[in-house]
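S.K.: Single-letter residue listing:
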Amino acid sequence: MFSNLLLAIDGSDHSYRAAKKAIELGKLSGEATVEILYVLDGSKSKSDVLQYGDSDSATRRRKEMLQPFEQLIREANLTYKTTIILAGTPAESIIKHANNGEYDCLIIGSRGLSTVQTMILGSVSHKVMKYVKAPVLMVK
Amino acid sequence: MSFAEKIKKEWFGNVRGDVLAGIVVALALIPEAIAFSIIAGLDPMVGLYASFCIAIVIAFVGGRPGMISAATGAMALLMITLVAEHGLEYLLAATILTGVLQILFGVFKLASFMKFIPRSVMIGFVNALAILIFTSQLQHFVDETWIMYALVALTLVIIYGLPKFTKAVPSTLVAIIVVTAIAITMNFGVRTVGDMGALPATLPIFALPNIPLTFETLMIIFPYALALAIVGLLESLLTASIVDDMTDTESNKNKESRGQGIANVVSGCFGGMAGCAMIGQSVINVKSGGRGRLSCLVAGLFLIILILALGNVVVQIPMAALAGVMIMVSIGTFDWNSLMNIHKIPRTDAIVMVVTVGTVVYTHDLAQGVLAGVVLSAIFFAWKMSKVKVESVLSTDKTEKTYYVTGQLFFASVTEFLEKINYNDNVTKVIIDVSQAHLWDDSAVGAIDKIESKFEQRHVTVEIRGLNKESSKLLDKIGGLSKASGH
Numbered sequence: 001m002f003s004n005l006l007l008a009i010d011g012s013d014h015s016y017r018a019a020k021k022a023i024e025l026g027k028l029s030g031e032a033t034v035e036i037l038y039v040l041d042g043s044k045s046k047s048d049v050l051q052y053g054d055s056d057s058a059t060r061r062r063k064e065m066l067q068p069f070e071q072l073i074r075e076a077n078l079t080y081k082t083t084i085i086l087a088g089t090p091a092e093s094i095i096k097h098a099n100n101g102e103y104d105c106l107i108i109g110s111r112g113l114s115t116v117q118t119m120i121l122g123s124v125s126h127k128v129m130k131y132v133k134a135p136v137l138m139v140k
Numbered sequence: 001m002s003f004a005e006k007i008k009k010e011w012f013g014n015v016r017g018d019v020l021a022g023i024v025v026a027l028a029l030i031p032e033a034i035a036f037s038i039i040a041g042l043d044p045m046v047g048l049y050a051s052f053c054i055a056i057v058i059a060f061v062g063g064r065p066g067m068i069s070a071a072t073g074a075m076a077l078l079m080i081t082l083v084a085e086h087g088l089e090y091l092l093a094a095t096i097l098t099g100v101l102q103i104l105f106g107v108f109k110l111a112s113f114m115k116f117i118p119r120s121v122m123i124g125f126v127n128a129l130a131i132l133i134f135t136s137q138l139q140h141f142v143d144e145t146w147i148m149y150a151l152v153a154l155t156l157v158i159i160y161g162l163p164k165f166t167k168a169v170p171s172t173l174v175a176i177i178v179v180t181a182i183a184i185t186m187n188f189g190v191r192t193v194g195d196m197g198a199l200p201a202t203l204p205i206f207a208l209p210n211i212p213l214t215f216e217t218l219m220i221i222f223p224y225a226l227a228l229a230i231v232g233l234l235e236s237l238l239t240a241s242i243v244d245d246m247t248d249t250e251s252n253k254n255k256e257s258r259g260q261g262i263a264n265v266v267s268g269c270f271g272g273m274a275g276c277a278m279i280g281q282s283v284i285n286v287k288s289g290g291r292g293r294l295s296c297l298v299a300g301l302f303l304i305i306l307i308l309a310l311g312n313v314v315v316q317i318p319m320a321a322l323a324g325v326m327i328m329v330s331i332g333t334f335d336w337n338s339l340m341n342i343h344k345i346p347r348t349d350a351i352v353m354v355v356t357v358g359t360v361v362y363t364h365d366l367a368q369g370v371l372a373g374v375v376l377s378a379i380f381f382a383w384k385m386s387k388v389k390v391e392s393v394l395s396t397d398k399t400e401k402t403y404y405v406t407g408q409l410f411f412a413s414v415t416e417f418l419e420k421i422n423y424n425d426n427v428t429k430v431i432i433d434v435s436q437a438h439l440w441d442d443s444a445v446g447a448i449d450k451i452e453s454k455f456e457q458r459h460v461t462v463e464i465r466g467l468n469k470e471s472s473k474l475l476d477k478i479g480g481l482s483k484a485s486g487h
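Those protein sequences? They're chains L and V, same order as listed. Those letters in the first sequence? Residues 1 to 140, by our numbering. Those letters in the second sequence? Residues 1 to 487, by our numbering.
Only chain V is shown next, with the shape it has when bound in the complex (with noise of 0.2 Å):
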C-alpha cells in the first residue's frame, strides 16, 4: 500500500461510521473529561482542554487509528498530590515533561520493554484502576442527604436499563439530562459542576506554563511526569492491542508511544492535563462502528463545539449525576473476568494481582503498583527458576559418584546446589552431569570452581560433564579468569 493509499484508508475508509462514532463518543467524553479534572482538583475546563488536545492530535499522528485519547482517570488520580502543592502551572509543565518522555520512548522503540510487565500486573493495573475511580467518587457523598443518593441511584438505573428497551441514543447522555432536569426543576440545591470550578466559553489558547526554570522546578515535576509517562503509555498500549483486536488489524506501537507523547505536549501548551488512551472510550467507539483516525477527530472537535455552545447547561449538571456515570466507569474498567478466573490461575499470579491492587489502594498510585508488581513476579520468577533437581549415583566398584543436575542454575539457585553435594564420600572420582542444566552467571560458574576446588583438596578427580555450547562458553570466560587470578 503507498502512503498516499495508506492515508486515504486510514483517514476517509470509513467517513460515515466514524462521523457517527465521533459524536457518541464526544456524549460520552465530556461527563468523563469533567468528573476526571475534579479528581485531580482542577477546574473542569482543564479536562475538557486536554481531551480536546489530546484526541484532536492523536487522530493525526496516533500509530492505532479508531482508538480514542484524552483525559483519564488514571491519569488524574498520579496528579492529585502535585495540584494540591503546587497547582495547575506545575501541572501544565509536568504535562509537557510526560510528552517529552513519552516521544523518547517511542523514537528509542521501546515499546517491546512492556513485554517485561506480566500480565497479572496489568490485571492489577486496570483492576486498581476501577477501585481507585470508586473511592475518588466517596467524597462526594460526604454530608450529603438521601437526595444525592437517590439521584446517583436513578443515574444509574437509567444508565444500565436504557439499553435494553433502545440503543439509538447513548444512555449515559440520557441520564445526565434527566437528572439535571430532575435536579432544575425541582430545586435540590444539590452541588453542581459549576460549584467544582470555572467553566469559561473560550477556546483553549497558547502558553507555556508560568514557572521558574530551575533545577528545584525540575526535581518537582520529574517523579510526577515519569509516573504519568509509564501509566499513559501502559494504559495506551494495551487499549491499542484491545483496538487490534477488536478490529483484526495491527498497529504501530512505538508510533503510538511518540504519538501519546505529542499529544500531551500540545495539551500541557493549551492549558490541558495530561491524558491517554481510554480503553472504554475505545471500545464504545469501535462498537459504534469508528475505524479510522476521523473518528478521534470528530470526538474532539464535536466535544468543544457542544462546550462552547453549552457551556452554562453543562455547569448545571448536578455532581451526582457524574458520581453516577463514575460509577459505571469503574464497573466498566475492573476486569470481572479476572476475579471469576482467580482460582484457574496459578497462585503466583493471582498473588501479584492482589499485591498489585493492594499497593496501589494503599498508595493511591498505580506506578508504584505496577513497580510492586513486575518486582514480585520477577522474585516469583527466580524462585521457580531455583529450584535444582540433584540426583546422584554410585558406580558399582564405589569408586566414583555420579551428581546428574536438572534446573538453571544461576545466582538464586547455586546455595540449594551446593547444598546437594556431599564431600565426604569416599570415592576417587565426581562427575558432575549438567547436560540438563544451563549456567547462567558468575555465581554459577563460582559454584562449579566451588566444587571443583573443594574435591580437589580431598584428592578426588572432579569431571564436568554435559556443558551445553552457551554453558561452557561461560565457564571459559568467567571460569578462567577466576583461576588465573586465584593463582
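With the rest of the complex left out, here is chain L (with noise of 0.2 Å):
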C-alpha cells in the first residue's frame, strides 16, 4: 500500500499538483506519512540572501513558501513532516534521501525548465527517474 510517501517539492504550481497527487495516493489506504522534501541548492542560497536580505529572513520565506503544502496535506487528514535539504544539489539530494529511507513511492512535478537550462543542468526528475529505487510518480 502507499503509506509512506515522499513529496519532493520546489514550491512552484507543478510541484503544487503533485502534492495534490500525492494526498489522493496517499488517501487510499486511509492513513498515510507524506514526507515534504526541500532542496536547497547551494547557489539558491546566494540569490535568496540577496533577495531577501539575510540568512533569516530567506528562512522565513522558505518556511512561507512550504506551508501550503503542509496545509493542503493536514485538511486531507494525513500525517505530514517536512525536511530541507540544505546546501544540496536537487537531484542528487532527492535520490540519496529517497533511497536511504523505505518509501512506498516519490512523487515529484516536473519542473519545466527551459531547453537551454535542462541541456545545462540536466533535468532533475529524469535523473530522479532513472536513480531512484522506488516507485516515482511524474505530475505534469
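Some hints could be false.
[As the list claims (entries may be wrong)] List of simulated lysine-lysine pairs, DSS-like, C-alpha gap at most 30 Å: (1) L:Lys140 with V:Lys164; (2) L:Lys96 with V:Lys8; (3) L:Lys140 with L:Lys81; (4) V:Lys167 with L:Lys96; (5) L:Lys20 with L:Lys130.
[As the list claims (entries may be wrong)] Across the chosen pairs, the derived CB separations fall in these ranges: (6) L:Glu102 with V:Arg16: 24 to 32 Å; (7) V:Gly161 with L:Met138: 21 to 29 Å; (8) V:Ala168 with L:Glu102: 22 to 30 Å; (9) L:Thr79 with V:Arg16: 30 to 38 Å.
Since the hints were derived computationally from the structure, they do not count as laboratory data. Backbone N, C-alpha and C fix where the C-beta goes; we use that ideal spot for every residue, glycine too.
Hints are included, so try docking the two chains, each in its own frame, into the full complex.
M.R.: Structure representation (C-alpha cells):
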C-alpha cells in the first residue's frame, strides 16, 4: 500500500499539483504519512540572501513557501513531515534521501525548465526517475 | 557550550569533509589567485601569497567557520590604479592599512551598519563585480589569433560540460590541465602565466613595505585602503550570510570583520595583496562538505604546497585557460535571479540596482558604485516619505476649519505640507490634526510655528491636535526655543 510517501517539491505550481496527487495516493490507504522534501541548492542560498537580505529572512520565506503544502496535507487528514536539505544539488540530494529511507512512492512535479536550462543543468526529474529505487510518480 | 568544546567542534567536528573540501577549494583557488593578480597588474605570486596568508589566518581568527577567504576579484579591481601609479610597495602598505581599518570596524562593532546598505545596492554590487571581471578579460583577446578564442571556448565547454558526466574531479582543474597540455604539445606559442610575471617557488617571507613613512604616503594609500576595507567587508559579510544560510547556523559578524583585518595585515606583511571572503569558493567548499575552520586551513596549505611543487608547470598555463575560468567566475558571480525579477521589484529598487551597476562600470570603482547606490536609495526613501496627505473639513457653521494631516513631517515634506494650508479662509479657528502624522525634525517644528504665526497675524486661533508623545516632546524642545528667541 502507499502509506509512506515522499513528496519532493520546489515551490512551483508543478509541485503543488504533485502535492495534490500525493494526497490522492495517500488517501487510498487511509492512514498515510507524506514527507515533504525541499532541497535548497547551494547557489540558491546566494540569490535568496541577496533577495531577502539575510539568512533569517530567507529561512522565513522558505517556511512561508512550505506552508500551503503542509496545510494541503493536514486538511486531507494525513500525517506530514517536512525535511529541508541545505547546500544540496537537487537531483543528487533527492536520490540519496529517497534511497536511504523506506518509501512506497516518490512524487515529484516536472519542473519545466527551458530547453537551454535543461541542456546545462540536466533534468532533475529524469535523473530522479532513473536512480531512485522506489516507484516514482511524475506529475505534469 | 564551553570554550574547549566550541574549539573542538569548529576545528575537528568534520575532519574528513573539511580536508576533502579544502583540497577541492585549493585547486579552484590557484587559477583565480593568479588571474586576480594579473587583473591588478601584479606578479602571479602576489595573489598566491595573499591567498595562502589570508586563508590560513582567517581559519584561526575568522567569525564564520567554513567560509573561504583569499585574494579576490573585487579587491583586485580596486587596486589597479594604485599599482599602476605607485607600484607594489604602496599596495602592500595599503593592504596593511586596509587590515587596520577593518580591525577597527570589528572592534567598534560596526557590522550592524551594514543594514544601511539596501539589498538592491548589494545586488548591484555583485552584478557590477561580475561585469568588471568579465571586461577585465577582454584585454587578453586584443591582437590574438583564433587559437586564443578556440582555447577559451574549449575551457568553457569542459568547465560546463564535464559535470554532466562526472562530479568526481573539479571541472575547472580538468579544463586547465587539458588546455595547458594541448597548448604545450601543439606548440601554439600562446601567451602563458609565465609571460605575465615571475613565479618563484619560494615561501613568502616577512618584510615591511619599503615606503617612506610620511604623511604624503598616507594620503596616497588612505583612499584606496578605505575603499578596499569597505568593499572587503561588504563581500565578506554577504558571504558569511550566504554560508549561514547554507549551513543553517549563525556567525559572529564583528569577529569576522576583525578577522578579515588581521588576515589583511598579515598578507601585506608577507608580500600579498588585500583580499576578502569569496562567495563562489565558499559555496564550493560547503557543497563539497566543508563546514569547519579546518577546510580553510587545508585550502591555504594545499595551495602553497602545490605552487612550490608545481611552479614550473603553473607558469605554462595559457592565459586562454585563465580567461575561460574568469568568464566562468563572472557568470557564477552575476545574480541572474535579479535579472529575471527586475520587472517584479519596485521601480525605485530597480533604478538603484541599475545606477549602482552603471556607476561601477563607468568609474571602475566598486566603492563609488555602492556609495551612489546608498545615496540614491536614501533620496528615494526621503521622496517616498515626503508624501503628506492633508484633508480639510469646514465645520457646519463655517467658522472652524480642521486639517487632517497624514504622513511624516520632516525637511523634505514640509514644503508640500505648507502648500496645502490655506491662510485666506474666512474662519475664526483652525485645527491642525496631526494624530496620523509624526514630527521628525527642526523643519517640521518650524512649519508648525509658521502656520501658527501666519494665522495669528490674521487673528485666527490655531489648535494643534493629536500630537503623539515623541512629536510633542520635539515641539516642546525646539518650538519653545525658537519662540523664546523670536521675542
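S.K.: With a cut-off of 30 Å on the C-alpha distance, tell me whether Lys20 of chain L and Lys130 of chain L pass.
M.R.: holds (23 Å)
S.K.: Taking the CB of Ala168 of chain V and the CB of Glu102 of chain L, does the distance hold inside 22 to 30 Å?
M.R.: holds (29 Å)
S.K.: Does the beta carbon distance between Gly161 of chain V and Met138 of chain L stay inside 21 to 29 Å, or does it fall outside?
M.R.: Taking Cβ atoms as reference, Gly161 of chain V and Met138 of chain L lie about 26 Å apart, which means the hint holds.
S.K.: Do the alpha carbons of Lys167 of chain V and Lys96 of chain L lie within 30 Å of each other, as the hint requires?
M.R.: Holds, at about 15 Å.
S.K.: Within a Cα-Cα threshold of 30 Å, do Lys140 of chain L and Lys81 of chain L meet the stated pairing?
M.R.: holds (24 Å)
S.K.: Holds or violated: Lys140 of chain L with Lys164 of chain V, Cα cutoff 30 Å?
M.R.: holds (24 Å)
S.K.: Can the suggested window of 30 to 38 Å be confirmed for the beta-carbon pair Thr79 of chain L and Arg16 of chain V?
M.R.: holds (36 Å)
S.K.: Falls inside 24 to 32 Å, the C-beta gap from Glu102 of chain L to Arg16 of chain V?
M.R.: holds (27 Å)
S.K.: Below or equal to 30 Å on CA atoms is what counts here, so check Lys96 of chain L against Lys8 of chain V.
M.R.: Status holds; Cα separation ~29 Å.
Going through the hint list in order, the structure satisfies each hint without exception.
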